[in-house]
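Starting from the given sequences, assemble the full structure and let the hints guide the process.
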Amino acid sequence: MKIAVDAMGGDHAPDEIVRGALLYREKGGASDLVLVGREEAVRKLVPDPLPPGLTIRDARDVVGMDEHPSTALRRRPDTSIGVATALVKHGEADAVVSAGNTGATMAAGLLTLGRIRGIDRPALCGLFPTTKGKPACLLDAGATMDATEQNILQFARMASR
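Mind the numbering: the sequence shown is residues 300 to 460 in this note's numbering, read in order.
FYI, nobody ran anything at the bench for these hints, they're computed from the structure. Treat the numbers as computed from the prediction; the structure is a model and nothing was measured. Hints may contain errors.
[To be verified] In silico EDC-like links for lysine to aspartate or glutamate, alpha-carbon gap of 16 Å or less:
#	residue 1	residue 2
1	301	393
2	301	419
3	343	357
4	301	331
5	343	377
Written out as structure tokens, the structure is:
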């Protein structure tokens, strides 16, 4: 599995995001990581040569925490979350992780990857360990203030898969 990591997303990015990615690889994490962000900033934080299973993809822009997500993504396609999501669309990554603007992460998913047929809106998923060893998915977790009965049913269907 290959995970695209939004290296520029988060309050202490890219330093803490890159540090976490390096620690993951050092501890033997099974997935390869693609650090997506301003290449010159990311390169300053990683060893040369790069550790096995770690690559960098340049993205020149970032969606700020105070920006309107879909407007920023439409006007500036070279954002780290936009590029990371495009990697999934084009089969160059299997998943995206971001600690950045939550709305931008959701919007990037919708604008780039689209919706599942029959699902009206996306939902955030929190995974929780269980005593049975299989994680439970808490979907939406109250993030949608105006969820309809249909939305809640769709959230339940997605969480059960």
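Against the structure, the hints come out as follows:
At roughly 5 Å between alpha-carbon atoms, residue 301 and residue 393 fall within 16 Å of each other, so this suggested pair holds. With a C-alpha separation of about 28 Å, the suggested pair residue 301 and residue 419 falls outside the 16 Å cut-off, and the hint is violated. With a CA separation close to 13 Å, the supplied pair residue 343 and residue 357 stays within the 16 Å bound. The suggested pairing of residue 301 with residue 331 holds, with an alpha-carbon distance near 5 Å, which does not exceed 16 Å.
Proximity of residue 343 to residue 377 is assessed by CA-CA distance (about 20 Å); at most 16 Å being required, the pair is judged violated.
When each numbered hint is compared with the structure, violations occur for hints 2, 5.
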